[in-house]
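> Protein chains in written order, with the working numbering: chain A, 1 to 138; chain B, 1001 to 1140.
Careful, some of the hints might be misleading.
Reference excerpt, derived from the structure (chain B facing chain A, CB under 8 Å, subset only) [stated by the list, open to error]:
no. : residue
1   : 1006
2   : 1038
3   : 1043
4   : 1045
5   : 1103
6   : 1135
No lab work stands behind these hints, which were simulated from the structure alone.
Fair warning: this is a prediction, and the values are worked out from it, not measured in the lab.
Cβ coordinates follow ideal geometry from the N, Cα and C atoms, glycine included.
The primary structure of each chain is shown beneath.
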Amino acid sequence: MKALLSSLAAGFLFGLGLWISGMANPKKVLGFLDVTGDWDASLMLVMAGAVAVAFLAFRFIPRRGKPIFAMKFEIPTRKDIDLPLVAGAAIFGLGWGTAGYCPGPALTALATLSTDAIVFVVAMIAGGLLQRMLVAGK
Amino acid sequence: MHNFTPISALFGGALIGLASAWLLAANGRVAGVSGILHDALAAPASAWRGAFIAGLILAGVAWQLLAGPVPVREGFPLGWAAAAGLAVGFGTRWSGGCTSGHGVCGLGRVSARSLVAVLVFMAAGMLAAYVTRHLLGVAS
Chain A
1 MKALLSSLAA GFLFGLGLWI SGMANPKKVL GFLDVTGDWD ASLMLVMAGA VAVAFLAFRF
61 IPRRGKPIFA MKFEIPTRKD IDLPLVAGAA IFGLGWGTAG YCPGPALTAL ATLSTDAIVF
121 VVAMIAGGLL QRMLVAGK
Chain B
1001 MHNFTPISAL FGGALIGLAS AWLLAANGRV AGVSGILHDA LAAPASAWRG AFIAGLILAG
1061 VAWQLLAGPV PVREGFPLGW AAAAGLAVGF GTRWSGGCTS GHGVCGLGRV SARSLVAVLV
1121 FMAAGMLAAY VTRHLLGVAS
């Protein structure tokens, strides 16, 4: 129960960060990705602020040995750069630059009952299932 | 660049970083939203993932209560929203991460794998934004 509440709080804080930074607004995200338009560099500072904190977190927190509400840390270990990584990132980027939503902002934007966010999220879940059927064969 | 909002961007970004730090310290997990979403539906015993997603959506509700109604985009073609969503779902699952997993946490972990993903999805995102807005005239 504590682990669930903790995860809920993390999602809540993450979502607030998206709203405060303006990243929950797809128009603002597209204002960054559309470099030929009226360019808005804000997204770069959002990333800078987030990565700076995450850098410190990943440097120091795993040294504690064990998370507060879980048995162990589960941190990715893969280092290989392969086709799925690159092709998947390219396909993701094409969708991101078309709609202005990546997964986090799209999910928190559901709260506005925006029709394009709802359609996007349903399609995003379907896209993940499609990948699993076509590529992973499951 | 009259839309540039450096202070709220940095502050909001730091909050996203803190949320990721909290999920790591408390739950031992990486805050990668695409992985959390895809695995919430696949993996057994992953209630923490559902809780994280609920938190994300609740933040949107709380924000509207605190800050008032937010502008909701009107007129974005739903066919394009569906196509973009399919691509984002497919691509993030194939590459194993998105802006949070590869972006925030991957760069935070100084992972070369994530850096490659970030450079590729940023470039593809800029290309798609240019093509859809300026060549195809998709309204956004």
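> Run every hint past the structure and note whether it holds.
Checked hints:
1. Interface restraint check for residue 1006 (chain B): the shortest CB-CB distance to chain A comes to about 5 Å, inside 8 Å, so the restraint holds.
2. At a threshold of 8 Å, the smallest CB-CB gap from residue 1038 (chain B) to chain A is about 4 Å, leaving the interface hint in force.
3. Taking 8 Å as the C-beta cut-off, the interface hint given for residue 1043 (chain B) is violated, the closest approach to chain A being about 12 Å.
4. Given the 8 Å rule on beta carbons, the hint for residue 1045 (chain B) is violated: about 11 Å separates it from the nearest Cβ of chain A.
5. Hint status for residue 1103 (chain B) relative to chain A: holds, with the closest Cβ pair at about 6 Å, below 8 Å.
6. The beta carbon of residue 1135 (chain B) is not positioned within 8 Å of any beta carbon in chain A (closest approach about 11 Å), and the interface hint is therefore violated.
Of the numbered hints listed earlier, those contradicted by the structure are 3, 4, 6.
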